[in-house]
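Given the structure of chain Y, go ahead and fit chain B onto it with the hints provided.
These are the residues of each chain, in order.
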Amino acid sequence: MSKKVVVLGEAREGALRNVSFEAIAAAKKISGGGEVVGVLLGDAVQSLAEEMIHYGADRVVTVEHPHLKLYTSDAFSQAFMAVYEQEKPEAIVFGHTALGKDLSPKIASKLASGLISDVTAIEGEGDAAVFIRPIFSGKAFEKVKNKDGLLFITVRPNNIAPLEHDAGRTGGVAALAVDVTNLRTIISEVIRKSTEGVDLSEAKVVVAGGRGVKSAEGFEPLQELATLLGGAIGASRGACDADYCDYSLQIGQTGKVVTPDLYIAAGISGAIQHMAGMSNSKVIVAINKDSEANIFKVADYGIVGDLFEVIPMMIEEIKKIKTN
Amino acid sequence: MNIYVLVKRTFDTEEKITVSNGKISEDGAEFIINPYDEYAIEEAIQVRDANDGEVTVITIGGEDAEKQLRTALAMGADKAVLIDTEDDLDEMDEFTSAKIIAEYLKDKEVDLILAGNVAIDGGSGQVGPRVAELLGINYVTTITNLEINGTSVKIIRDVEGDSETIETSLPLLVTAQQGLNEPRYPSLPGIMKAKKKPLEKLELDDLDLEEDDVEAKTQTIEIYLPPQKAAGRILEGEVANQVIELVNLLKNEAKVI
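Each protein sequence line maps, in turn, to chains Y and B. Under our numbering, think of the first position of the first sequence as 2, with each following residue one higher. Under our numbering, think of the first position of the second sequence as 2, with each following residue one higher.
For reference, chain Y alone in the conformation it holds in the complex:
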């Protein structure tokens, strides 16, 4: 049976996030030929609707309201539930982002539905779809299916390939008026700390430092390399505990789990907790002075050497190939 699937799109700094396009691809797969409806909630999101259609949504419903400028679970759940009531979908897909993680359990609870979080792959299509998700931070995986009733999933960024962008695709865009009221939270301040606008969990390239980085200043060459590759910096718990960087950069079983295309581990020994957070990256490079370091066991390429020597050389070399 084909399913009508609703996908929540998410914008960051005025543009849709990649994970939204990946969520559309997931929605297509579970729709089994049914309709895929994009949803955009915000204070000014109308202009982003076309892009969802270009990536595979059949049509888009937008809700615009001043209270939706910044995310709060109260405001977004009211707006989303209004769309749900109008559309009555058989399945819902969110990105497994800060917003998706915060909002999806509330919606699932309102709808008394299951919720399969943090999906990294989908096997089969339509009703036969089975969802793969990491457990124990990627030390193992489970295959989960929805028993019956509404299917609700969140998809991890960077894992499900988006559909090809097609600027010729067209579809309807309709605004839904929702009175967003009774908010219990006020966001009084937002401090942007994330580096260069690239979110760690969504970055295609992650350059991570460990105790071997030795100081907060030691992260500077790593940041330069990350910026050059359009990536983000991360860290091991050792580096965070030593106050070289903020805990928000920590990768591991506590901290973030990342699966970039390229993970460069510099001065990281490779404790089991750290490896759980990054070993499913597509390509791993390890740079460490200690040839016995555990990190070399999961690395595709390893250089035994001093990161303060190797990283600047890498920066020079990459600059060379970029200018050629």
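What the hints contain is simulated information worked out from the structure, not anything from laboratory work. Being a predicted model, the structure only gives us computed values, none of them experimental. A portion of the hints provided could be inaccurate.
Claimed, not checked - With a cut-off of at most 30 Å between alpha-carbon atoms, the simulated DSBU-like pairs for lysine-lysine come out as follows:
id, chain 1, residue 1, chain 2, residue 2
1, Y, 148, B, 107
2, B, 252, Y, 323
3, B, 17, Y, 257
4, B, 17, Y, 146
5, Y, 323, B, 256
6, B, 256, Y, 30
7, B, 256, Y, 290
8, B, 256, Y, 321
9, B, 256, Y, 320
10, B, 252, Y, 283
11, Y, 5, Y, 148
12, Y, 257, B, 252
13, B, 155, Y, 257
14, B, 230, Y, 146
15, B, 24, Y, 283
16, B, 24, Y, 148
17, Y, 298, Y, 283
18, Y, 215, Y, 205
19, B, 24, Y, 30
20, Y, 257, B, 230
21, Y, 298, B, 17
22, B, 68, Y, 257
23, Y, 70, B, 155
24, Y, 144, B, 230
25, B, 17, Y, 215
26, B, 230, Y, 290
27, Y, 257, Y, 30
28, B, 256, Y, 257
29, B, 252, Y, 298
30, B, 252, Y, 290
31, Y, 30, B, 230
32, Y, 298, B, 24
33, Y, 257, B, 24
34, B, 109, Y, 111
35, Y, 144, B, 24
36, B, 17, Y, 290
37, B, 107, B, 202
Positioned in the frame of chain Y, the structure of chain B alone reads:
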């Protein structure tokens, strides 16, 4: 102030995971309080000490989870509740857990509920917000700072590395992010005292719940380990040449730059 903390017993982060008969093998494994729940317990104790009141830790699980509850009591929690589902339920999901916990809490006077933002085993982070929704109270996830003044609450939360300052009020559920505090170790007198603190054991019957009421909405059909990665290449030679080779491999073989 009535403070509740939702805790989960999990594998020690040092443990390697093995699968036997389609299930995660627990043979010889060490168990701990989910690390994010430890932040929640610590914060609950600090809030109680500043405002008076009582901290109750709640878990769902089997008999074995008593050990983690005793640890929480030894840290300084006042009471513990173990909702033992071992005999009643074969399958549970986040819907199940949230429903059971909310059923226990629904007729309690609740000012503040704390939980970890995610459990390091299942990793879905759903139960906290689901419980809040079932109780009809507000929630804030991934918090790194909590200030309570009467019933008004000021929170700093981590949002993908950015930080948001939030103003809200009690009753409230919050989930703890790393950086919220430094969880204390149980002291020896704390461990001695914990043995005498009340630990209530309940089953679904005691909560007037039928198995059907909490039947899981999702089903795990297979658990497996990721394929072992083949050993990688350690480059050799002069460091400068290794770097040239590495960049070349990343560009032409791995095609990631």
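Hints versus structure:
no.	hint	verdict
1	Y:148 - B:107	holds (27 Å)
2	B:252 - Y:323	holds (10 Å)
3	B:17 - Y:257	holds (19 Å)
4	B:17 - Y:146	holds (26 Å)
5	Y:323 - B:256	holds (14 Å)
6	B:256 - Y:30	holds (27 Å)
7	B:256 - Y:290	holds (26 Å)
8	B:256 - Y:321	holds (16 Å)
9	B:256 - Y:320	holds (16 Å)
10	B:252 - Y:283	holds (14 Å)
11	Y:5 - Y:148	holds (17 Å)
12	Y:257 - B:252	holds (27 Å)
13	B:155 - Y:257	holds (25 Å)
14	B:230 - Y:146	holds (27 Å)
15	B:24 - Y:283	holds (27 Å)
16	B:24 - Y:148	holds (20 Å)
17	Y:298 - Y:283	holds (14 Å)
18	Y:215 - Y:205	holds (25 Å)
19	B:24 - Y:30	holds (28 Å)
20	Y:257 - B:230	holds (21 Å)
21	Y:298 - B:17	holds (15 Å)
22	B:68 - Y:257	holds (28 Å)
23	Y:70 - B:155	holds (20 Å)
24	Y:144 - B:230	holds (21 Å)
25	B:17 - Y:215	holds (29 Å)
26	B:230 - Y:290	holds (22 Å)
27	Y:257 - Y:30	holds (27 Å)
28	B:256 - Y:257	holds (25 Å)
29	B:252 - Y:298	holds (22 Å)
30	B:252 - Y:290	holds (24 Å)
31	Y:30 - B:230	holds (29 Å)
32	Y:298 - B:24	holds (26 Å)
33	Y:257 - B:24	holds (25 Å)
34	B:109 - Y:111	holds (21 Å)
35	Y:144 - B:24	holds (12 Å)
36	B:17 - Y:290	holds (26 Å)
37	B:107 - B:202	holds (17 Å)
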